[in-house]
Amino acid sequence: MLAARGAARPLLQRRSQVARTWRLASTTALDAKVASFKAHVEKHLPADGKGVCFATAWLATDNVFVALMHEHFPKILAGMNLVAIDTMHLFDTTRPCAEQVEAKYQKKALWKTVEGVTTREEFNAKYGDCEEMETADFDFVSKVEPFQRALAECNKTILITGRRMDQAAQRISLDVWEDGKSTLNPMADWSWSDITAYADAKGVPVNEGHSYAYRAQAPIEATKRHLPDLPWEKVPLGKPFWRCSDKEIKGDPPAPITYVFKSFGDIHTTVPVEPHESERAGRFVRQAKTECGIHTRTTTAGSPHGGALVDLMVKDAAKAKALVAECTAAIELNERQACDVFCLLNGAFSPLKGFMDETTYKSVVKDMRLPEKQLFGLPVTLDVADTSGFKQGDKVVLKWKGEDVAVLEASSIYTPDKTVEAKECYGTSSIEHPTVHALVQDVGRHYVGGNLHGIKAVAFPYPVQTPAEVRAVLPEGKPVVAFQNRNPIHRAHFELLVCAQRDVKDSILLVHPTCGPTQPGDIDGVVRIKTYEALNAETKEQYPMFRWAYLPYSMKMAGPREAIQHMIIRKNYGATHFIIGRDMAGTKSTITGDDFYGAYDAQETGKKYEAELGMTVTHYENMVYVGEEEGYVQESVAKKAGKKIVKLSGTEFRRRLRAGEEIPEWFAFKSVVDILRKAGDSAFC
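All residue numbers for the sequence shown refer to the working numbering, where the first residue is 1 and numbers rise by one.
Quick caveat, the hints were computed from the structure, so don't treat them as lab data.
Accuracy of the hints is not assured; some may be wrong.
[To be verified] Below, in silico cross-link-like pairs of lysine-lysine (PhoX-like), each with a Cα-Cα straight-line distance of 20 Å or less:
1. K315 with K456
2. K50 with K107
3. K353 with K181
4. K202 with K104
5. K353 with K319
6. K315 with K366
7. K366 with K418
8. K33 with K202
9. K540 with K670
10. K319 with K399
11. K112 with K156
12. K247 with K234
13. K478 with K505
14. K321 with K401
15. K423 with K366
16. K353 with K423
17. K50 with K75
18. K156 with K50
19. K418 with K362
None of the values given here were measured: they were computed from a predicted structure.
Produce the complete structure using the sequences and hints provided.
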């Protein structure tokens with residue numbers, strides 16, 4: 001017996017030495033990663049950690065980050081916030097893992113839960129069963145909204161994530177520092193093997209669910225691996241699967257198929273995968289998305305939609321020239337299309353990076369959401385009458401007034417169902433709606449989707465500003481109230497602007513008219529700009545908190561859905577608040593004159609989505625004139641007080657313009673009227 005023990009001791013010593021040597025080798029291999037991590041943290045994070053938030057789901061990568069911070073930057077870790085969300089649908093092993101991390105590194109997380117519930121049963125009673133909910137709704141109530149509350153509570157200025165480039169194709173170009181989003185991804189260039197090696201070397205707590213294998217005799221579709229009573233055997237490995245040999249994982253005799261959990265999200269959308277697969281391969285099964293919304297839908301006031309302002313302009317002249325040379329066809333844009341190109345290239349339509357492909361188009365038409373479930377009001381498409389000059393996969397140069405302005409990668413060519421588009425987007429298929437009429441009569445039969453590359457700025461016959469240019473002149477830290485309109489600003493409009501700027505404390509008022517094509521009967525864009533410029537000059541001394549900028553955008557007259565589109569655009573321009581007045585983006589039947597939308601439909605739709613967009617709707621009734629003494633008041637106030645309302649209809653205003661008759665100054669600014677009189681009938685579209 002003594003001899004046997006003596007013989008065993010050298011073997012144990014050899015195993016211990018091998019283990020120590022392996023750990024040393026692993027640690028040495030990680031030195032460069034750790035050094036890079038430290039450099040990024042030192043460069044981008046404040047020494048006291050204030051205003052810094054780390055979004056943790058208690059994944060292996062997240063826990064390694066906390067371990068690194070504890071070892072190398074304990075003061076930053078102490079001052080920053082770990083933000084964790086209990087979706088009420090976490091794996092049973094997630095909370096214990098979180099408690100281990102909190103205890104080992106002496107850092108408590110700021111936990112947020114779904115609004116108004118404390119258990120899964122309460123969740124089901126209030127919101128419904130997770131399997132039956134729309135995925136966008138589930139993500140918003142269980143993750144995005146709680147996360148927004150957490151970031152507001154932390155006064156977040158910098159967000160840290162555990163995202164890595166090797167997790168999925170969608171993250172392969174992930175930057176360590178995202179300047180537009182003030183987001184640090186310090187683990188971006190770490191691999192899965194780097195994470196597991198560091199976790200083992202440093203004893204980082206990991207989810208106990210990693211220590212099980214699921215052995216099956218035949219492959220099980222990923223879309224079915226969430227179901228109960230599957231034909232597999234759940235086997236405890238006694239340690240995380242990455243520490244096991246192939247034989248330990250597969251068993252003896254080996255199972256034909258073995259699955260393991262490499263990631264943990266919600267129980268109904270995360271499934272095990274084969275050991276060689278990516279973590280993300282097991283996430284969001286049965287769903288047309290790759291992100292939960294924390295990184296793509298969580299928003300703060302003033303931040304771009306989707307988190308970062310898109311800029312598609314090619315800065316290298318040689319690269320731009322090469323892109324044009326690769327084109328097999330050319331498309332001459334009309335003004336409506338040129339407006340869309342401007343908005344795409346410069347980020348007004350962020351997060352879009354080109355014209356919508358068929359999948360994106362259908363998603364937005366049907367659900368008012370992009371495939372990743374970000375809200376988007378209306379489709380952005382490039383229509384053509386004929387596609388014989390190019391095919392899918394070709395590059396096409398887009399021209400405006402004969403000049404090359406962009407190159408389109410034609411990755412999707414499709415024929416839309418315009419009847420469905422009309423009904424879903426405009427609420428009607430009647431050609432009495434001016435845009436539906438244009439959709440049927442003027443818009444090309446085919447749509448071409450794909451990424452855009454900007455070659456040259458689109459030159460319009462009026463001055464325009466990009467989102468970046470407008471953001472550069474907005475004071476930091478102040479709320480920005482945006483006002484959208486498509487016609488000259490008369491006294492009633494201006495009184496509304498004054499009220500809005502006053503009601504939102506210490507705010508800037510961004511007057512941001514659209515100047516592209518609109519419905520018949522409206523004022524021409526060039527003439528509109530002249531009226532705005534004159535009004536700006538007339539009022540800027542009295543109202544220095546007003547900012548004026550002009551947007552080349554083609555109005556769709558889509559009522560509630562266009563209100564959402566305008567909110568998104570102004571969000572990308574830096575606004576935090578958005579004015580929605582009566583019948584915004586509304587239109588009337590060209591036959592009967594009946595309204596297609598309710599007077600306050602746009603307001604109600606805007607308010608429904610304001611939290612998700614991070615844009616506060618500032619809504620008002622009609623402003624009406626009740627006499628020289630009181631001037632303009634809200635219509636309900638005037639009626640309640642029994643005041644006589646003085647009116648001048650748009651038809652009568654136009655008649656007086658054409659006839660040269662007097663137009664009262666309580667209705668319109670003299671400077672605006674002078675410009676419209678001079679333009680005459682040519683002012684009207």
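Here is what the structure says about each hint:
no.: 1; hint: K315 with K456; result: holds (10 Å)
no.: 2; hint: K50 with K107; result: holds (15 Å)
no.: 3; hint: K353 with K181; result: holds (17 Å)
no.: 4; hint: K202 with K104; result: holds (12 Å)
no.: 5; hint: K353 with K319; result: holds (18 Å)
no.: 6; hint: K315 with K366; result: violated (36 Å)
no.: 7; hint: K366 with K418; result: holds (12 Å)
no.: 8; hint: K33 with K202; result: holds (15 Å)
no.: 9; hint: K540 with K670; result: holds (16 Å)
no.: 10; hint: K319 with K399; result: holds (18 Å)
no.: 11; hint: K112 with K156; result: holds (15 Å)
no.: 12; hint: K247 with K234; result: holds (16 Å)
no.: 13; hint: K478 with K505; result: holds (9 Å)
no.: 14; hint: K321 with K401; result: holds (18 Å)
no.: 15; hint: K423 with K366; result: holds (10 Å)
no.: 16; hint: K353 with K423; result: violated (26 Å)
no.: 17; hint: K50 with K75; result: holds (10 Å)
no.: 18; hint: K156 with K50; result: holds (8 Å)
no.: 19; hint: K418 with K362; result: holds (11 Å)
Taken one by one, the earlier hints fail for this structure at numbers 6 and 16, listed in ascending order.
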